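Chemist: Sequence:
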Amino acid sequence: ITMVNVETLVSDGDMTKMFNLMKKTFYSNKEIFLRELINNAFNALNKTRFERHTNNILHDDLFIRLVPHKENKTLLVIDNGIGMNKDDLIDNLGIGLYSSFLVAQKVIITSKYNDLGQYISESQPDVSFNVTKDINA
1 ITMVNVETLV
11 SDGDMTKMFN
21 LMKKTFYSNK
31 EIFLRELINN
41 AFNALNKTRF
51 ERHTNNILHD
61 DLFIRLVPHK
71 ENKTLLVIDN
81 GIGMNKDDLI
91 DNLGIGLYSS
101 FLVAQKVIIT
111 SKYNDLGQYI
121 SESQPDVSFN
131 VTKDINA
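At position 73 of the sequence shown (counting the first as 1) the number is 73 in our numbering, and the numbers step up by one without a gap.
Incorrect hints may have been included.
[To be verified] No more than 27 angstroms apart at the CA atoms, straight line, and that leaves these computed lysine-lysine pairs for BS3-like:
| id | residue 1 | residue 2 |
| --- | --- | --- |
| 1 | K86 | K112 |
| 2 | K30 | K73 |
| 3 | K70 | K30 |
| 4 | K47 | K70 |
| 5 | K133 | K73 |
| 6 | K86 | K47 |
| 7 | K70 | K106 |
| 8 | K106 | K73 |
| 9 | K86 | K133 |
| 10 | K106 | K86 |
| 11 | K106 | K30 |
| 12 | K73 | K47 |
| 13 | K106 | K133 |
| 14 | K47 | K133 |
| 15 | K133 | K30 |
Hints are computed from structural coordinates only; laboratory data are not their basis.
A quick note: this is a predicted structure, and the numbers were derived from the prediction, not measured.
With these hints in hand, go ahead and build the complete structure from the sequences.
Modeler: In structure tokens, the structure reads:
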């Protein structure tokens, strides 16, 4: 993957406080991240379903796939939901992302919304993140 236009963003103190609060709240149940990520994917599918129904568009089957890689110690959560543009990736830092840091040192989100291009967000627990346009998509 060749990427250009890397934009590094650092959140304000409120987001850091929120992340620390979530770590304390969910510490006893690290598996909560999986529920949150599946819920996010399900919401993306519902938005796609609604958009297609509203516009009378036939659609392929909607799906969510979980792909674990034991050797790499990674988990892919893949869906064909509505997707996010660059601003969505920046603005939608929610429970799914933060809860992922209970079990991960890095979270990478690749998403595409309509014809606005595909973007990759790479986040780390210190709540700094990069958003990059994927020019190969």
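Chemist: Each hint should be assessed against the structure and marked as holding or not.
Modeler: The hints, checked one at a time:
1. K86 / K112: Within the cut-off at roughly 9 angstroms; holds.
2. K30 / K73: holds (15 angstroms)
3. K70 / K30: holds (18 angstroms)
4. K47 / K70: violated (32 angstroms)
5. K133 / K73: At roughly 25 angstroms apart (the allowed maximum being 27 angstroms), K73 and K133 satisfy the hint.
6. K86 / K47: holds (18 angstroms)
7. K70 / K106: With a Cα-Cα distance of about 16 angstroms, the restraint between K70 and K106 holds, given a limit of 27 angstroms.
8. K106 / K73: Status holds; Cα separation ~11 angstroms.
9. K86 / K133: Status holds; Cα separation ~8 angstroms.
10. K106 / K86: holds (19 angstroms)
11. K106 / K30: holds (15 angstroms)
12. K73 / K47: violated (31 angstroms)
13. K106 / K133: holds (18 angstroms)
14. K47 / K133: Satisfied, since the Cα-Cα distance of roughly 23 angstroms is no more than 27 angstroms.
15. K133 / K30: Violated. K133 to K30 sits at ~31 angstroms, over the 27 angstroms cutoff.
The earlier numbered hints that this structure contradicts are 4, 12, 15.
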